[in-house]
Amino acid sequence: MDFGKIAGVKAIFSIIILLLFSNLGQAQKIVRYDLYVKDTTVNFSGKPRRAIAVNGQIPMPTLTFTEGDTAEIYVHNELKEETSLHWHGLFLPNQYDGVPNLTQMPIKPHTTHLYRFAIIQNGTHWYHSHTGLQEQIGMYGSMILNKKKEPVIPTVPIILSEWTDMNPKNVHRMLHNASDWFAIKKGTTQSYSEAIRQGYLKTKVANEWKRMTAMDVSDVYYNQFLINGKNESQLAQFKPGDKVRLRISNAGASTYFWLTYAGGKMTVVANDGNDVEPVIVDRLIIAVSETYDVIVTIPQVNPGAKPTAYEFLVTSEDRTRSASLYLGEGVKQLATPLPRLNYFEGMKMMNGMMKMDGNLDDRGMNMSLNQMDMNLVMYPEITGPLPSKKMKETSQQGKKDNMEGMKMDNKKQLTESGHTDHNRYNSNALSAITTLNYAMLKSPVNTSLPKNAPVKELRFVLTGNMNRYVWSMDNKVVSERDKILIKKGQNIRMIIYNNSMMRHPMHLHGHDFRVLNGQGENAPMKNSIDIMPMETDTLEFAATESGDWFFHCHILYHMMSGMGAVFSYENSPVNPEIPNPRLAQRKLFADDREFHFMAENDVATNGNDGEAMLQNTRWNIGTEWRLGYNDYHGYEVETHVGRYLGKMQWLMPFIGFDWRYRKMGMDEVETNLFGQRNTKDKRSILSAGVNYTLPMLVSAQAEIFTDGNVRFQLERMDIPVSKRLRMNLMVNTDKEYMAALKYIFTKNAGVTAHYDSDMGFGVGLTMNY
Amino acid sequence: MKSIKILIAVVLLLSSFLSPAEIKNTSTENVKISGSCALCKEGIEAAAFQKNISRASWDKDTKMALVTYDNKKTSIDAVLKKVALAGYDNQSYLAPADAYAKLADCCNYERTVKNEVLAEKKMPEHQHGAVASSQKAADADPLQPVLEAYYAVKDALVNSDGNAASSNATRLVKAIKAVKMEQLGSQQHLIWMKVMKDLDFDADHISETKDIGHQRDHFSSLSDSMYQLIKSAKPSETVYYQHCPMAKEGKGANWLSQIPAIKNPYFGAQMLTCGKTTETIK
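Chains as they are written, first to last, in our numbering: chain E, 1 to 769; chain L, 1001 to 1282.
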């Protein structure tokens, strides 16, 4: 890692000096940190890229406090843009919560902002920028709040993150434009030819019939995953027999991570900064923004033998890549990598859950707390290896798979005999692997809320539209929803149902909530909870604060799309950090109101055609052009402004403007299927119409023009024929039709061969943005 | 025709990218990799091979490999990690236990590391006298062998194992034939007369095929008959009557289980925990 400039070396010195100082004092200790936020260049993947470093490092420095301290954190913004810092999971006065345009105004470039608050809790927490997409490019760090008497055990703060070589703004834009580039990079296109080869054609057709595109467990392709800013690293100071406590925070912008350990089982002792009764597991998944404290043991060796290091393996949920931390010294014992996902099984499962109207149907399964993981159907380590399609690859590979198959069978039998009768209440009963779920978390203390407080019950449905990347609660994005008013002294109960196709890590600022998980008075306390599709979770918290607190999905791109709400305490004192509340609100709402631009142009042998589109949560402004190289082929531009209706956004009424010029033969006139005549020679005309997405993702469009002509059109774009080959089909009542095949080379370029009723056959180079 | 020319040009342009190239920025290193036979050599060299980036040549006798790699694109550790993940211990990495276990028999070289800690964990928790106790129960309840065989069929379906389901169904057919009607209570006797034919029919069909889908169709009606039968008298051990609303394409189906936890015989691992206990018979 070579950071361009090592900024703030001086600052680090001053911190050290201050820390030394502060150790002398006992009561009401003030702990000061100076954070210099600065642009930098990093190289995580072989390519230099812009990132943001704090005090010259990524991740940001680990901030350590002891319960009872007062934190003074000076943020020096040396960027050319605004920033902010949010202290994730901390109880503090609202004005220091660090949400720009909600609890404070953004920290302007070249200014310093002070966060000053008392540390009134302990546990593993973290901090990150809450401005735009800055968290994705380096603005995250561990925040360790020690107990006054912390147990004596070696402790390592661990912060997990991911890296993309793309500008995150571009990632966000591509997600909104339903680009499948990330799927191509991950090898998860789930195209028709792959479906046929693996015997899942029916599944694929059913999937498109239900208007779904390829499913995945996560949206973004990342170039690298990082543990404390490194893909691989070793902590050689640990000796065989040592127990080590890992204080793990997931600072991934959109990645859930599987945690496994080569040295045996792990003991989970805390979650989201709150102690839990120790639970022994083989693995756990850490949701975006959650924290876990896990104790691992470095296995003993025989006396005299050389020590071995053991891999702590962190694998992204989509299993494209992993990061490793080796604990101990010597040769490194690897953990078993997680096998790739069986996507078509996932698709089949999804088909079963999806109703024709786009709602999910749990068929009375009452899912909650991650106990039933529907994604399980995709996990070969639980359900057995992929169907034998791999056999074809090479004989070598074939042999291996065979072996694997036999191994799995043995394992299964072993498992079966092992616990037909035991573990009967354990949802993990189906395999020898114990995976943590929320029902297994139990607080060591009584966490009941005040008994006599009035209860306010709120119900939320998490909603989403995968194809258009709209994420919301109750089909409302942040800017479309009023603040949710609560009163100090109330007990707030939230019942949240996830009716979307993705899982969401929902995070509440400034409060811990109880997760009602069957542990009664000992319900665990959390501030972020992962809610899988079709799950319903009940959370409750005591309203003890004041001010405005954000409640949102912590997948950065979902949050920026508007998946959240603001809890607002009635009769709160005015926040001195927000001098102009109306301006602040407008700026806050601007995030999910943002328009995303896309454009595509095909320079072909028979003409030039393309489209450009601006769209946001509800609106779509699009224009299409077909420009021939001679008057006979004609020139045509169609522009539509439409508004998406309904939760699934299948319906879009629009108004349009259509301009054409074409020189046809003398008195040659076209008629459409309805017998209406149309020269199209020169036409400049307004229209109104409606778009509707039919099963198989066919877009049906009915349009009436001001000259009385009517057009009905069916179009299907981007049929995934193979990994990189897409097909487009179109036909309309003007007797126009089009068929195209496009091969995608890179994110921005492809080759298209198409036949068009106006322009004939052509081959061309397609550029898209 | 112009377009075809362009197409050809594009193809030619592309093919120029695909022409063979050699490893650049080469580094070579001699490293120790465990292995024992010619098959190991194949496995090690395949794991270390990445086109234009790395390759290895391993010697069976010295256990040393000469690794050649592009030092701008990879490192010796990255290559050795891949070799370890394929099952071969080496000077930097030790293979995961299951990668080693997957190696061919001739390749089970002697490992210098002790994996006792890991090995212990893999043992089943504890076996217990299930066989003995059920034997005793069988004396008391004439239907017990039928129920046992039924459970065996069910468990095979849970595992999506058509072969086991078939052979266990054969056992079930025998058990049904062996039931001594005179030992049944009067109420149960009546039910038995009613369902015996269906039981036999379904069990027979399950035994005759290895097609798991067909077996599951019959298992659904088999379970309905079993339910009537078991419900008519107090079973010697608790029976859990369970229902999955998604089975049979959404029509739903039932089964009997010896355990309260849901392990779905209609979907197996695909949706193992789908369903719930609708009745507890004891």
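Treat the hints as calculated values from the structure; they're not laboratory data.
Hints may be right or wrong, so weigh each one.
As the list claims (entries may be wrong) - One-sided and incomplete, this derived list gives chain L residues near chain E with beta-carbon spacing under 10 Å:
#1 K1081
#2 A1149
#3 D1224
#4 L1272
Claimed, not checked - To be clear about the criterion: a stretch of chain E counts as covered by chain L if any three or more of its residues have a C-beta under 8 Å from a C-beta of chain L, and this derived list gives those stretches:
#5 372-381
#6 460-470
Claimed, not checked - Below, in silico cross-link-like pairs of lysine-lysine (BS3-like), each with a Cα-Cα straight-line distance of 30 Å or less:
#7 K1282/L <-> K230/E
#8 K210/E <-> K747/E
#9 K1024/L <-> K747/E
Think of the CB as a built atom: it goes at the ideal place given N, C-alpha and C, for glycine as much as any other residue.
Verification of the hints:
For K1081/L, the shortest C-beta to C-beta distance to chain E is roughly 7 Å, which falls under 10 Å, so the interface hint holds. Given hint, A1149/L at the interface with chain E, is violated; its Cβ is 15 Å from that chain's nearest Cβ, farther than 10 Å. At a threshold of 10 Å, the smallest CB-CB gap from D1224/L to chain E is about 19 Å, leaving the interface hint violated. The closest approach between the C-beta of L1272/L and any C-beta of chain E is roughly 5 Å, which is under the 10 Å cut-off, so the hint is satisfied.
Counting residues of the segment 372-381 of chain E whose CB lies closer than 8 Å to any CB of chain L gives 4, which reaches the minimum of 3, so the coverage claim holds. With a threshold of 8 Å between beta carbons, the proposed coverage of the segment 460-470 of chain E by chain L is violated, since 0 of its residues qualify and at least three are required. For the suggested pair K1282/L and K230/E, the alpha carbons sit about 58 Å apart, so the restraint of at most 30 Å is broken. For the suggested pair K210/E and K747/E, the alpha carbons sit about 27 Å apart, so the restraint of at most 30 Å is met.
For the hint pairing K1024/L with K747/E, the CA-to-CA distance comes to about 27 Å; that is within 30 Å, so the pair holds.
Hints 2, 3, 6, 7 from the list above are not met by this structure, while the remaining hints are.
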